[in-house]
Amino acid sequence: GAGVSQSPSNKVTEKGKDVELRCDPISGHTALYWYRQSLGQGLEFLIYFQGNSAPDKSGLPSDRFSAERTGGSVSTLTIQRTQQEDSAVYLCASSYGHQAKNIQYFGAGTRLSVL
Amino acid sequence: AQSVAQPEDQVNVAEGNPLTVKCTYSVSGNPYLFWYVQYPNRGLQFLLKYITGDNLVKGSYGFEAEFNKSQTSFHLKKPSALVSDSALYFCAVRDPLGSGAGSYQLTFGKGTKLSVIP
Chain A
2 GAGVSQSPSN KVTEKGKDVE LRCDPISGHT ALYWYRQSLG QGLEFLIYFQ GNSAPDKSGL
62 PSDRFSAERT GGSVSTLTIQ RTQQEDSAVY LCASSYGHQA KNIQYFGAGT RLSVL
Chain B
6 AQSVAQPEDQ VNVAEGNPLT VKCTYSVSGN PYLFWYVQYP NRGLQFLLKY ITGDNLVKGS
66 YGFEAEFNKS QTSFHLKKPS ALVSDSALYF CAVRDPLGSG AGSYQLTFGK GTKLSVIP
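Chain order of the listed sequences is A and B.
Here the first sequence stands for residues 2 to 116, where the numbers follow my numbering.
Here the second sequence stands for residues 6 to 123, where the numbers follow my numbering.
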């Protein structure tokens, strides 16, 4: 079956611009996660959605970052007024339910470059 | 707070030799442990997990990992390395009793680059 799909695969933007990154999880997966992978910080958790519950935003690095999930499926991560330190690969993952033992399946990521 | 350490940034091994990628963890309770592999310009692919039960876990592509509670380790192993195993390997932990994000987010190590030399 189809895996986690992310778009765009690459995004180049100028400092100060807003960007939107999209994630389409595996069909039937109720839990969705965003992570950021950067050279200096490794893999960092950003935000978590479970069904229709309020998301856990505890990992978002600043208020320039926000995310939403429409209809319990597709998610969009928005970064406002991008900064050079936002350059990273943004990974989305989904799992069937939120139990800790469940496997998170990852998309290929969006590589964001802020010039 | 939970954490994972992968003490080696890079591991080099000759094709056909056994390989080991090391991982140690720290959690307050019993850990759930995972290994993922990342090929260039690809996302993370799940290899195997330890939840409970047998300490030796077998996963995809001939990989296995041994959970050692006393040493808080979860090393990844393969009896005979292939050139195609060359990739970046991540160990991750979840604390099922953690509060808030700690119970469902994966906490990753920094990754170990494995190079299998023909």
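Simulated from the structure, these hints should not be mistaken for lab results.
Heads up, a few of these hints could be off.
Selected chain A positions facing chain B (Cβ under 8 Å, derived; list incomplete) [claimed, not checked]:
no.	residue
1	G29
2	Y34
3	G43
4	L44
5	F46
6	Y49
7	P62
8	S63
9	R65
10	L92
11	H99
12	I104
13	Y106
14	F107
15	A109
16	G110
Residues from chain B that keep clear of chain A, each with C-beta distances beyond 12 Å, as calculated [claimed, not checked]:
no.	residue
17	P12
18	P23
19	Q43
20	T57
21	P84
From the derived model, a few chain B residues whose C-beta atoms are all more than 12 Å from chain A [to be verified]:
no.	residue
22	E13
23	V18
24	A19
25	L24
26	N46
27	N60
28	Y66
29	G67
30	S85
31	D100
32	L102
33	Q110
We put the beta carbon where it would ideally sit given N, CA and C, even for glycine.
Please write out, lowest number first, the hints stated earlier that are contradicted by the structure. Result: hints 1, 7, 8, 9, 19, 20, 26, 31, 32, 33 break, sorted rising.
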